[in-house]
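Novice: Use these hints to put chain B with the ligands onto chain A, whose structure you have.
Respectively, the protein sequence lines represent chains A and B.
Using the working numbering, the first residue of the first sequence is number 1, and each one after it goes up by one.
Using the working numbering, the first residue of the second sequence is number 1, and each one after it goes up by one.
Any given hint might turn out to be false.
Since the list gives no way to pick one copy over another, a pair counts as held whenever it fits inside one copy or between any two copies.
With a Cα cut of at most 25 Å, we get these calculated DSS-like pairs of lysine-lysine [to be verified]:
#, residue 1, residue 2
1, Lys159, Lys141
2, Lys141, Lys109
3, Lys141, Lys116
4, Lys4, Lys32
5, Lys109, Lys45
6, Lys62, Lys177
7, Lys62, Lys4
8, Lys4, Lys45
9, Lys177, Lys32
10, Lys62, Lys129
11, Lys159, Lys62
12, Lys62, Lys32
Hints are computed from structural coordinates only; laboratory data are not their basis.
Protein chains: 2
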Amino acid sequence: MITKKEFNEACAEALQMIADAGIVLTLEDREKITAADFGLSNLRKEGIQILTMFETDRIAGKILVLFPNQTEPEHWHPPVGNDPGKEEIIRAISGDLYFYIPGEDTLDKGFIVDGKSDCYTMRHEVDLKPGDQLVLPSGTKHWFQAGPAGAVMYSFSTKVRDTLDQFTDPNIIRETKIVA
Amino acid sequence: MITKKEFNEACAEALQMIADAGIVLTLEDREKITAADFGLSNLRKEGIQILTMFETDRIAGKILVLFPNQTEPEHWHPPVGNDPGKEEIIRAISGDLYFYIPGEDTLDKGFIVDGKSDCYTMRHEVDLKPGDQLVLPSGTKHWFQAGPAGAVMYSFSTKVRDTLDQFTDPNIIRETKIVA
Ligand SMILES: [Zn+2]
Ligand SMILES: [Zn+2]
Chain A
1 MITKKEFNEA CAEALQMIAD AGIVLTLEDR EKITAADFGL SNLRKEGIQI
51 LTMFETDRIA GKILVLFPNQ TEPEHWHPPV GNDPGKEEII RAISGDLYFY
101 IPGEDTLDKG FIVDGKSDCY TMRHEVDLKP GDQLVLPSGT KHWFQAGPAG
151 AVMYSFSTKV RDTLDQFTDP NIIRETKIVA
Chain B
1 MITKKEFNEA CAEALQMIAD AGIVLTLEDR EKITAADFGL SNLRKEGIQI
51 LTMFETDRIA GKILVLFPNQ TEPEHWHPPV GNDPGKEEII RAISGDLYFY
101 IPGEDTLDKG FIVDGKSDCY TMRHEVDLKP GDQLVLPSGT KHWFQAGPAG
151 AVMYSFSTKV RDTLDQFTDP NIIRETKIVA
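If we strip away everything but chain A, and leave its shape as in the complex, we get (with noise of 0.2 Å):
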């Protein structure tokens, strides 16, 4: 659970940095700016910061923001029915933004959240600098970080189910309690 005050400040920030980034975003497209800290209460170390520019039955667009050493846990998304599963394309826009895919172990420009090794198994990292993109297949397993600039990404994906989203580490909620 995050604090009300923290959660507004997040998103007050998140904005600052698409702004920052270059982004012209309508007012009814600031409201849409939300926070996840997947229930594990320490937002600025392990969650991210979402604004959805679009959804539909068959695609979605959201800008994606990280804060400087945020990371966002490592989660795959798991085929439903007929649907292989989420397709993903990731897009670069600004800061200093490190995916960790499978792959052979990489890792140098990132690292793992303290004592969560368990939680964070791809080690293959992919250095995305703005105008840089990432086509992530169904079910494909990822996490990601900024460095220390922080980070703002295109994420373009086909039907978005959220709740379906499978996470390595078992803590996790797919839910943000926000509290007064």
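Specialist: Coordinates of chain B with the ligands only, in the frame set by chain A:
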């Protein structure tokens, strides 16, 4: 058909408009820019410049550029087998952009291409300012036009099948011949 010179100039100008809109492109991205005249041989009147950022079997993301007063001809994305047809989301980035979709005739800021009234049958105008977006459900007839400043926009969609797109203008060929 358009000349190689005309094609190259259009591509260079479109890349400049994308850069002016604040979008960072990698060298690899820049090489993907192209121009389409729809076989009408009058690119700057009826045509468009396209940079495909990504295209998989399920999802695609493009940057579309219209020069001042340039018009993308009326078309729709028909169903194919189990696919109800391409669903498209437009997000305006910069410039003046007018979309025409089914609905009451509100055409005001844009214009019908000279002598081609039969080829532009949708007259419901949606004025998209930077940051505005428009969802085009499968099968929706649409055409669009830039105002005096030109326009840069994102187009995100489900699977692209350009060769199956249908156009109101019977003279259109979905192929751009480039001649020396
Ligand atoms: Zn993901
Ligand atoms: Zn279209």
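Novice: Work down the list of hints and note, for each, if the structure agrees.
Specialist: Checked hints:
no. : hint            : result
1   : Lys159 x Lys141 : both (17 Å within a copy, 23 Å between copies)
2   : Lys141 x Lys109 : within (19 Å within a copy, 48 Å between copies)
3   : Lys141 x Lys116 : within (16 Å within a copy, 52 Å between copies)
4   : Lys4 x Lys32    : within (16 Å within a copy, 45 Å between copies)
5   : Lys109 x Lys45  : within (16 Å within a copy, 49 Å between copies)
6   : Lys62 x Lys177  : within (21 Å within a copy, 37 Å between copies)
7   : Lys62 x Lys4    : within (23 Å within a copy, 38 Å between copies)
8   : Lys4 x Lys45    : within (17 Å within a copy, 53 Å between copies)
9   : Lys177 x Lys32  : within (17 Å within a copy, 44 Å between copies)
10  : Lys62 x Lys129  : both (18 Å within a copy, 19 Å between copies)
11  : Lys159 x Lys62  : both (12 Å within a copy, 18 Å between copies)
12  : Lys62 x Lys32   : both (10 Å within a copy, 23 Å between copies)
Of the numbered hints stated above, none is contradicted by the structure.
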